[in-house]
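Colleague: Residue numbers (the numbering used here), protein chains in the order written: chain A, 1 to 492; chain B, 1001 to 1417; chain C, 2001 to 2147; chain D, 3001 to 3374.
These are computed hints drawn from the structure, not numbers from a lab.
Every residue gets a Cβ at the ideal spot worked out from N, C-alpha and C, and that includes glycine.
It is possible that some hints are incorrect.
Result set (SDA-like, lysine to any residue): computed pairs, CA atoms no more than 20 Å apart in a straight line [unchecked claim]:
#1 A:K366 to D:R3271
#2 C:K2052 to A:V26
#3 B:K1221 to B:S1207
#4 C:K2033 to A:G23
#5 C:K2033 to A:R14
#6 A:K151 to D:R3271
Across the chosen pairs, the derived CB separations fall in these ranges [what the hints assert, rightly or not]:
#7 C:D2028 to B:G1279: 49 to 57 Å
#8 A:P489 to D:A3103: 32 to 40 Å
#9 B:H1411 to C:G2125: 45 to 53 Å
#10 B:G1279 to C:S2111: 31 to 39 Å
#11 C:D2028 to B:S1238: 56 to 64 Å
#12 B:R1067 to C:D2028: 31 to 39 Å
#13 B:Q1377 to C:E2008: 25 to 33 Å
#14 A:D221 to B:H1411: 33 to 41 Å
#15 B:Q1258 to C:S2111: 37 to 45 Å
Chain A is nowhere near these chain C residues, computed Cβ spacing over 12 Å in every case [stated by the list, open to error]:
#16 G2014
#17 D2028
#18 K2052
#19 Q2076
#20 D2078
#21 Q2080
#22 I2082
#23 D2086
#24 S2087
#25 Q2088
#26 D2110
#27 S2111
#28 D2122
#29 I2126
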Amino acid sequence: MTLSLLTPAFSVGRNEERCIRCGVCVNQCINQVHHLDEDGFMWVTEKNCVGCHRCAVLCPTQALTITRFPLDFRPNQYWSADSLREIYRQAESGGVLLTGMGNPRPYRSYFDHLLLNASQVTNPSIDPLREPMELTTYLGDHSAGLSEAEKPLLKLEIPVMFSAMSYGAVSLNVQKSLARAAREMVTYWNTGEGGLHDEVKEYADCTIVQVASGRFGVSPDYLNNAAAIEIKIGQGAKPGIGGHLPAEKVSPGVAQTRMIPAWSDAISPAPHHDIYSIEDLAQLIETIKVATDFQKPVAVKVAAVHNISAIASGIVRAGADIVAIDGFRGATGAAPLRIRDNIGIPIEMAIAQVDQRLRDEGIRPKASLVSAGGIRNSADVVKILALGADAVYIGTAALVALGCHLCQTCFTGRCNWGIATTDRQLSKRLNPEIGAMRAINLLKAWEHEIKEMMGGMGINAVDSLRGNRLMLKGIGLEQHELDLLGVSPAGA
Amino acid sequence: MRYVIIGNCIAAAGAVEGIRSYDQKGEITIIDGERRGCYSRPLISYLLAGSKGAAGLHYRSEAFFARNQARVIPARAVRIDPPAGQVELDDGMMIDYDRLLLATGASPLIPELPGIEHPRVKTLYTWKDAEEIAALVETGATAVILGSGLIGLKAAEALHQRGMKVVIVEKQEQILPRLLSPWSATIALRHLQEQGIQVLTGHQAVSISESGEVELDHGAKIPAQLVIVAVGNRPNQSLAREAGLKTGKGIIVNQYLQTSDPDIWAAGDVIETHNILSGAAEVMALLPLAHLEGYLAGCNMAGQAVRYPGAIFLNAVHFMGMHIIAAGEPNRSGTVLQWQQGSSSLEMTIDGDYLLRYIAINLPGITGPLTAIVEQQIRIELKEWQEFIREPSMASLPAAYWAEMRRWEEHGGLRCG
Amino acid sequence: MRVQSNPEYCLGCGLCRLYCAAAHDGYDGNLLKAFKRGTPQPRADLIVRNDKSWLNTCRHCHNAPCINACLTGALQKDDQGIVFIDSQRCVGCFTCVMVCPFGHIQPSRDSYRVVKCDLCRDQKGIPACVSFCPNGALSLTEEVETR
Amino acid sequence: MLKLEGDIRIPAGCAIAAVLNRSGQRFDGSTIIASIATMHKRSNGLGGGFAAYGVYPQYRDHYALHIFYDDAGAQQMCERYLMHHFRITEREPVPVRYTRKIARAPLIWRYFALPREDSLSRQQLGEEDFVAAVVMTINSDLGGAYVVSSGRNMAAFKGEGYPEDIGEFFRLEEYQAYLWTAHGRFPTNTPGWWGGAHPFTLLNWSVVHNGEISSYSTNRRYLEMYGYKISLQTDTEVIAYAFDFLMRKEGLSLEDAIDVIAAPFWSKLDRERQARLRRRYASLLLNGPFSIIVATNNGLIAVNDRIKLRPLVAASRNEYLYVASEEAAIRAVAPVLDRTWSPGGGEPVIGLLHNQEGLLEAPSTGLETNARSA
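Based on the provided sequences and hints, a complete structural model is requested.
Modeller: Written as structure tokens, this is what we have:
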């Protein structure tokens, strides 16, 4: 093989005055960046470093720093360093560029161009420490008249759920952490498309099971061992393509859960091969409802793509009780880089448009709207609810709470944080008790913040925040963007 | 309840702890024949060597006895009257007891040799002995040690440290015959010799002259400033015998450490202990057992019924920078595995799937688990030991051992106590 | 009371050993100083076996064999049930090492005495190994007294 | 340039008051004027108004349309539209008394009208839906015309000024009604537009309101889904529509409607029906500080937001029920009372005419039938 033109992405700095040769960095880096030799010399193999910070975080003397490798190309506004490196990579590998997590490109984030309102004088703000502040949310079809039987609903005490992340893409300990947190906080976690492992079956009451194009692990038991069922059509990180869990991640546990042979590739087709049109979806929804005796709401998850309003309308009319829309910032365990970075639309636009479209069509009460992809903090939650979502899914934020450092190499299965891996040794690194505690802490913190923000607005029930676009003002947005979001500019 | 303990030693301290675990009120009286308080016998060689002051010898402080409300009487018991429930002291005083513990220990064996009464011929068994020897130490002069057991070697070390030339005379063909195998004894011997100690194995003294010259069986004569006799010990069971208690090589006790008289218990070097491995009752004068036996006897005297399952031979000795630890049954044979690296070595005797004995030299770290494996008779296949002995370490201990440890942790179940 | 080690979540990183060593060998638990200036020794060893690892801590047994065996009375049990060693009195005979069935007690580096877990009784708060375990594999527990 | 009410949403503080005679005995407007005048300080001269029930017994089967016009052109255009949809029995200017305190008054006309049969059948709507649709069209699409009230045997009188001055302007002492509500407004800018004053009405509903609905946009967007055109951007308009939607369209009882707009906290719900109502009509929870008086021909209901962030006092004496922002406003017109109380958050004060079970059944049900056949 000829010389690789790729230089390391990161530089590992070691402060010799601090390094005590304890070897923690050595034993913690699965990528073998650090090496301590018999003579007490520390060596680093920087090209292996993915910038996950595992070593730096665990270093007891803070002797390590990870920085970007300081090798600049001649400045070029058009040909960025990344675009050059990507070409080097492809010139060497001849393959599709793979990556993980969500779209990192500097597209406009509408969340960062929306400001929230607060009460001053003319109405009182409400102090959540003194007054009740309700985040209770029911997801599902609310359209049944009072004289009819109510449709099954999901009750959430905080309008934040954990996104679909399959066992296989993430470790079982991630699922255990999120399941425990969901139960504690009275919300839901989502199995993703990888089936339901025996050890998380006990969380049925707070589990949403997913039915995706690979149909991994799907059985009547699976559907019934859940609070709701989600049909996944697409996801924000890779709209229009299927999934591929590389064979290296298909451990015996994963294999059993997915009902496939161990150490074989798990391929989810791009479309469901029994859904080539909206009426096919209606049939699958009906089939699942029959299989679960009409006792559980059925959700349909789609990626936010260009004509999302029409798609969402069709989904509601096809009988979905919940429509989950995954924006272009949504993450994944593995996706082709070009797809992740160039397909889809912002979730803010998608929710604003879908909510309005469903209202215009008078069918908004028939389904709840869940926003996924790119929710970073409680303010994002409040903003997306005000734009019209009933609840949100968080995936990346939940994983970050568990320790993810967004190194974007999930697809390798060599996650130093024990998250995006099925390796036994690595999976250990996430103790679900700690994971659950951290996820619970995150949700509790957001809960407090959401309540503070609602209280400031003079609102004491999340019902009154939902679709309350007067609580939003745009800043630095063009008129057409304001119109699409249905908000007025700051100052108006 | 009146508890009386004869002997103020390790077993006595254990007994006080045992009694007080269950009885906070009863009177405890300890008869301290040596009048030195509760000190640790093995430490007297450190006193002799000068590496430890008198204060460091105490096994339990006076405060310990005060705190436990145990009265210590500096006197020697001369007679026991079981029907009357009394102990007679050397000053004529009579002490009443309801429950009596005999912790009278042992005494050194003195061979019958011409000149053995010579004033520069000493034993090293008591604090007083150590003081007397210390008074005779002369730098550069020769000290002859008869016997290469634990006491002999500790005496050799102490005198060597005090600047004396030391010659050890051992009747057997190897040093530490009760502890080591010939293979490991060779390793230990080499170490002793490297430290400048002369060892004559396979010989014994036949006489000691007026001038202190020791004559050996092959005619050699060693002029000695000091002769230490360390050829073994014997239980002090005369009190028991005279009181009509059943005795053998030592006082005979049941599994509750009770003698043939139900109000009298016995513990420590004076008793015959059940050897777990051989199944026989033997005198096992080992300090670790003394405390446990005293403790269990104390518990039982206070009305409990705690069984003493017996023990195995085990010893740890440290001299001149060498640590020797050995445990198990020296007299049974089996497959022998040996390992040596630098100054460390390990020898294991395995019979079937059971470890019978090990001898570890300068390899102390793994001995605790090995002792447990011998004592608890944890079943481990030979091939696992063959794997282990390639690189003996905590991490390479056989899986069966760790499984057993987990079981203990979950359910309790150490056989002792 | 004892530190319980859960191999299921032990990463084998060894931070417990480091902080244990620093907590006991001077410099006020300052890890950097302790290791740069001295040669601190952990009181409990991390055992790494195949795919499992755990801290081999003291079980602080009831009727502890090590206390029974101690020649000098250096090993004691305090009011809280913590088995600790009075280093001043230890002569390094290693009898306790020989009788600890868990292999917890180990010789000191200089071989003149032994070291063992004392649950950081001289410091305030929970033992250093527990508080610095990054994955909750160590916990201070009241239960399970091994006899 | 200042924007008018309807162009933007303007928060306001307020005084509200109501007097009801439960036996339907009518009394003139001086009582309610005296009551609201007591709370002068709660308004700032930028809005006052009254709703009166029982004022047009001679036309009790007709829809009484009170309309503001900016100018004659607007009037012409609007009347042409009205003629197209209604048979107009009577058309006249509302009598007023010009004083110095009232300025910038629009042209104020009233019409007693019945829907045209052909128009009604063309629209395929019920009569009330039809009238509501016409009113909403005028208010949102016909510039310069604004329907102040459109119910039967009731009228709303409102404008820019202190409420007592508005009362004098409209000569309310000359009207007899069994139920009066009043409003004094403290808006936070000067819209200078009469349509912005309270009460806000739709058909027989009238709402006077003190407060700010923080859930405005949520409530509004929900109502819009059911065809309500929100033209004024006032909270009050939304409240009126919410009642119209819940009670007239969805057929909810008064209690149910209250359980929707001032829903109890989840933790305090004691009936499954309340929970069901909350789940179904979550978007109609009125959130934020308010006290409101909603009136129809059958009576009134006064209610606070669920944590009572605005004042509301009620009192009764014989056949009279009084409600006001402050007790003083009641004592001013009825010094001796049988009972006074301060209702808790979300706890409604309901005043119905005798023999009426709910706010909705119009006392003139029979007459309505007559009117159609006429």
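Colleague: Hint by hint, say whether it matches the structure.
Modeller: How the hints compare with the structure:
1. A:K366 to D:R3271: With a Cα-Cα distance of about 24 Å, the restraint between A:K366 and D:R3271 is violated, given a limit of 20 Å.
2. C:K2052 to A:V26: With a Cα-Cα distance of about 17 Å, the restraint between C:K2052 and A:V26 holds, given a limit of 20 Å.
3. B:K1221 to B:S1207: 10 Å, holds
4. C:K2033 to A:G23: 17 Å, holds
5. C:K2033 to A:R14: 17 Å, holds
6. A:K151 to D:R3271: 18 Å, holds
7. C:D2028 to B:G1279: 49 to 57 Å: Once the Cβ atoms are compared, 54 Å apart, the range 49 to 57 Å for B:G1279 and C:D2028 holds.
8. A:P489 to D:A3103: 32 to 40 Å: About 34 Å separates the Cβ atoms of A:P489 and D:A3103, which means 32 to 40 Å holds.
9. B:H1411 to C:G2125: 45 to 53 Å: 31 Å Cβ-Cβ, so the 45 to 53 Å window is violated.
10. B:G1279 to C:S2111: 31 to 39 Å: 36 Å, holds
11. C:D2028 to B:S1238: 56 to 64 Å: Roughly 58 Å apart at Cβ, these two residues keep to the hinted range, so it holds.
12. B:R1067 to C:D2028: 31 to 39 Å: 32 Å, holds
13. B:Q1377 to C:E2008: 25 to 33 Å: Roughly 30 Å apart at Cβ, these two residues keep to the hinted range, so it holds.
14. A:D221 to B:H1411: 33 to 41 Å: About 36 Å separates the Cβ atoms of A:D221 and B:H1411, which means 33 to 41 Å holds.
15. B:Q1258 to C:S2111: 37 to 45 Å: Holds: the Cβ-Cβ distance is about 41 Å, inside 37 to 45 Å.
16. G2014: With a cut-off of 12 Å, C:G2014 comes too close to chain A, as the shortest Cβ separation is near 6 Å.
17. D2028: Its Cβ never comes within 12 Å of chain A, the nearest being 15 Å, so this holds.
18. K2052: 9 Å, violated
19. Q2076: Nearest chain A Cβ is 31 Å from C:Q2076, so the label holds.
20. D2078: With a cut-off of 12 Å, C:D2078 remains clear of chain A, as the shortest Cβ separation is near 29 Å.
21. Q2080: Holds, since 26 Å exceeds 12 Å.
22. I2082: Since the minimum Cβ distance to chain A is about 25 Å, C:I2082 lies beyond 12 Å and the statement holds.
23. D2086: For C:D2086, whose nearest Cβ neighbour in chain A is about 29 Å away, the distance exceeds 12 Å, so it holds.
24. S2087: Holds, because the least Cβ-Cβ distance between C:S2087 and chain A comes to about 24 Å, which exceeds 12 Å.
25. Q2088: 29 Å, holds
26. D2110: The assertion about C:D2110 holds, with a minimum of 20 Å to chain A.
27. S2111: 23 Å, holds
28. D2122: Non-interface label stands for C:D2122: nearest chain A Cβ at 21 Å, farther than 12 Å.
29. I2126: Non-interface label on C:I2126 holds, nearest chain A Cβ at 16 Å vs cutoff 12 Å.
Checked against the numbered hints above, the structure violates hints 1, 9, 16 and 18; every other hint is satisfied.
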